[in-house]
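As they're listed, the protein sequences go chains A and B.
So for the first sequence, our numbering puts the first residue at 742; every next one is plus one.
So for the second sequence, our numbering puts the first residue at 60; every next one is plus one.
These are calculated hints, taken from the structure and not from any lab test.
Computed from a prediction, not measured in an experiment: that's the story for all the values here.
A few of these clues could be false.
Below, in silico cross-link-like pairs of lysine-lysine (DSS-like), each with a Cα-Cα straight-line distance of 27 Å or less [claimed, not checked]:
id, chain 1, residue 1, chain 2, residue 2
1, B, Lys120, B, Lys186
2, A, Lys867, B, Lys344
3, A, Lys867, B, Lys275
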Amino acid sequence: MRSFLFCCIVFFQNAAAQEAADPGFRVLLAPVAGFVSVQDKSFSNLNYSGRVPGAAIDVEFTKRRWQHSLNLQFQTGQVEATGDLDASYRYFNTAYSLARSLGSHPGAAMQFKIGATLDYVHSTRKYQQLINNFNAYEHALSLMVLAEAAMQLESRSGVTVISNRLQFPAVSAVAQPAYGADAWDVPVEGSSASKAARVLFVPGFVLVKNRLSLAHSFSARSQLLFSYLFSYMKIDDKRASVLNIHQLSLGYGFTF
Amino acid sequence: MGSHFKAVHKCSKKITAWMLLAVSLAACKKNDLAHSPPGLFRESWQVIDERYALFPVKAVKWDSVYEAFRDRFSSGLSPQETFNQLGSMLNLLKDGHVALLSPTDTSVYTGFYKPYPANFNFGNIVKNYLLNEYKVAGGIIYKVVGQVAYIYYRSFADAATDAELEALVLAVSKLKGVIIDVRNNTGGDLRNAQRFAARFIQSARLVKYELVKSGKGHDDFHRAQAFYLDPAMPVFGQRIVILTNRACFSACNDFVMYLADDPRVQVVGDLTGGGGGIPYRFILKNGWILQYTATRTLSAKEQPVENGIAPHIYKSITPSEEAAGRDVILEKAIELLQ
Numbered sequence: 742m743r744s745f746l747f748c749c750i751v752f753f754q755n756a757a758a759q760e761a762a763d764p765g766f767r768v769l770l771a772p773v774a775g776f777v778s779v780q781d782k783s784f785s786n787l788n789y790s791g792r793v794p795g796a797a798i799d800v801e802f803t804k805r806r807w808q809h810s811l812n813l814q815f816q817t818g819q820v821e822a823t824g825d826l827d828a829s830y831r832y833f834n835t836a837y838s839l840a841r842s843l844g845s846h847p848g849a850a851m852q853f854k855i856g857a858t859l860d861y862v863h864s865t866r867k868y869q870q871l872i873n874n875f876n877a878y879e880h881a882l883s884l885m886v887l888a889e890a891a892m893q894l895e896s897r898s899g900v901t902v903i904s905n906r907l908q909f910p911a912v913s914a915v916a917q918p919a920y921g922a923d924a925w926d927v928p929v930e931g932s933s934a935s936k937a938a939r940v941l942f943v944p945g946f947v948l949v950k951n952r953l954s955l956a957h958s959f960s961a962r963s964q965l966l967f968s969y970l971f972s973y974m975k976i977d978d979k980r981a982s983v984l985n986i987h988q989l990s991l992g993y994g995f996t997f
Numbered sequence: 060m061g062s063h064f065k066a067v068h069k070c071s072k073k074i075t076a077w078m079l080l081a082v083s084l085a086a087c088k089k090n091d092l093a094h095s096p097p098g099l100f101r102e103s104w105q106v107i108d109e110r111y112a113l114f115p116v117k118a119v120k121w122d123s124v125y126e127a128f129r130d131r132f133s134s135g136l137s138p139q140e141t142f143n144q145l146g147s148m149l150n151l152l153k154d155g156h157v158a159l160l161s162p163t164d165t166s167v168y169t170g171f172y173k174p175y176p177a178n179f180n181f182g183n184i185v186k187n188y189l190l191n192e193y194k195v196a197g198g199i200i201y202k203v204v205g206q207v208a209y210i211y212y213r214s215f216a217d218a219a220t221d222a223e224l225e226a227l228v229l230a231v232s233k234l235k236g237v238i239i240d241v242r243n244n245t246g247g248d249l250r251n252a253q254r255f256a257a258r259f260i261q262s263a264r265l266v267k268y269e270l271v272k273s274g275k276g277h278d279d280f281h282r283a284q285a286f287y288l289d290p291a292m293p294v295f296g297q298r299i300v301i302l303t304n305r306a307c308f309s310a311c312n313d314f315v316m317y318l319a320d321d322p323r324v325q326v327v328g329d330l331t332g333g334g335g336g337i338p339y340r341f342i343l344k345n346g347w348i349l350q351y352t353a354t355r356t357l358s359a360k361e362q363p364v365e366n367g368i369a370p371h372i373y374k375s376i377t378p379s380e381e382a383a384g385r386d387v388i389l390e391k392a393i394e395l396l397q
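Take these sequences, add in the hints, and give me the full structure.
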């Protein structure tokens with residue numbers, strides 16, 4: 742009975758603290774160190790891989806149990822394969838997520854969230870050793886489900902939150918060049934991205950994202966965030982391609 | 060309890076080690092097989108089987124080729140022998156766009172022009188007809204002689220700027236006619252051929268259809284796409300004679316096709332080398348590049364042009380005429396424009 746009362750007191754204390762401490766807007770800017778491995782079966786069974794630096798901007802808004810977040814990422818660089826084969830690579834990703842805290846109160850030491858993400862990926866490669874069919878691209882707009890677990894640790898230097906967010910697609914609209922229509926002057930029916938878009942489900946299209954983050958707040962307004970994001974995208978259609986992306990980022994966040 | 064835990068822990072470490080070893084061995088084995096001669100043979104055969112667009116016009120039974128060549132690719136074959144065998148297999152397609160490229164070697168079919176008379180000697184033209192004087196516009200050389208201009212486009216891999224093409228057309232616009240020599244032009248960038256041709260048509264016209272593969276079957280194609288060429292002002296509006304030989308291939312073949320049906324145009328020389336269709340490339344597991352024809356080109360009259368375009372007037376240069384410094388194909392063109 743005494744422990745139950747103690748739990749209730751802690752719960753309401755945390756709740757009261759959280760009501761007062763909704764962080765509002767948080768903006769985070771981060772340079773990204775990335776490594777990508779890509780396979781385009783239209784061009785080769787080889788994996789092209791390389792370091793691709795970039796940048797990321799995250800905007801978060803939390804109100805009671807609801808967290809809205811908008812993420813933008815851009816990466817560019819050269820990817821290489823055996824025998825001096827290379828390609829220029831570009832990757833752009835933007836995602837809007839809405840997540841709700843579950844079970845424990847948002848201020849609790851252990852938190853769980855579930856939610857949904859609207860995610861857009863635009864990836865392009867230009868293969869240097871190819872002629873006519875040297876351009877590859879994917880546009881993928883996905884509605885994803887997300888699950889997140891977070892643990893909050895308090896110390897004298899501030900609050901540290903370790904979290905892991907997993908995202909998985911429910912349905913996706915994917916556009917690539919039409920099969921065989923890679924050349925610049927062959928405008929086959931449906932070769933434009935908008936016309937080539939088709940709806941795919943798992944396993945035709947798989948996009949799994951897992952982000953492990955460590956955020957340390959020095960004060961109510963400033964935060965340092967280290968994160969590792971693994972993203973796996975696979976299109977198993979007429980034009981098959983696989984992207985494995987590893988990203989490390991260290992960013993600084995401001996709360997307004 | 061403690062010793063039991065240790066035993067289980069030791070056992071799990073062993074299992075993990077064996078699993079790691081098995082996974083790495085499997086990965087090595089898979090990689091080695093892909094790079095092995097049989098692996099490269101299967102990959103190359105399959106790329107052509109699924110992507111090559113000209114099976115409907117080639118008398119090749121590709122399944123039979125697999126059976127005929129399978130036993131030639133033993134695991135002990137050297138890289139050069141593997142390259143040579145793959146080259147032999149690809150040559151059965153008799154297609155100048157099909158090629159195999161390694162960092163040190165290239166295998167490409169040359170049967171579309173090598174067995175035939177060259178019908179071209181540029182040294183003779185420069186010395187005996189241009190008298191060692193001509194103007195240059197990008198990849199084009201030309202000379203005006205009386206009421207006729209001689210224009211030679213050596214390769215569509217070389218570009219001419221819009222300004223250079225405009226200056227060329229203005230320089231010849233008042234003449235009775237021009238001779239466009241595309242002999243030994245083995246193609247290049249199709250856009251250069253189209254930009255050049257656009258200076259010699261007077262109105263927008265349907266010049267070809269392109270058929271693009273839509274799947275892995277030999278007869279899987281998207282609907283034929285009509286391709287129109289628009290004139291680029293200023294254009295040349297008088298008579299044109301185009302000189303061709305068997306080495307006019309690919310983009311050059313397209314260029315001749317764009318203009319050959321124009322009533323102002325006469326084509327003189329030999330059959331062109333063909334090469335209708337656009338080549339794509341595929342990179343094999345060992346880094347070699349396999350080039351193949353990925354589309355089919357049909358003329359505006361929906362005729363295949365893969366095997367070349369016939370001239371209006373066949374003309375050939377004999378070895379004795381060439382030795383005497385004569386180009387009877389060029390002489391016929393001059394005669395036609397007089």
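Results for each hint:
no., hint, result
1, Lys120/B / Lys186/B, "violated, 48 Å"
2, Lys867/A / Lys344/B, "holds, 19 Å"
3, Lys867/A / Lys275/B, "holds, 24 Å"
Going through the hint list in order, the structure does not satisfy hint 1, though it satisfies all others.
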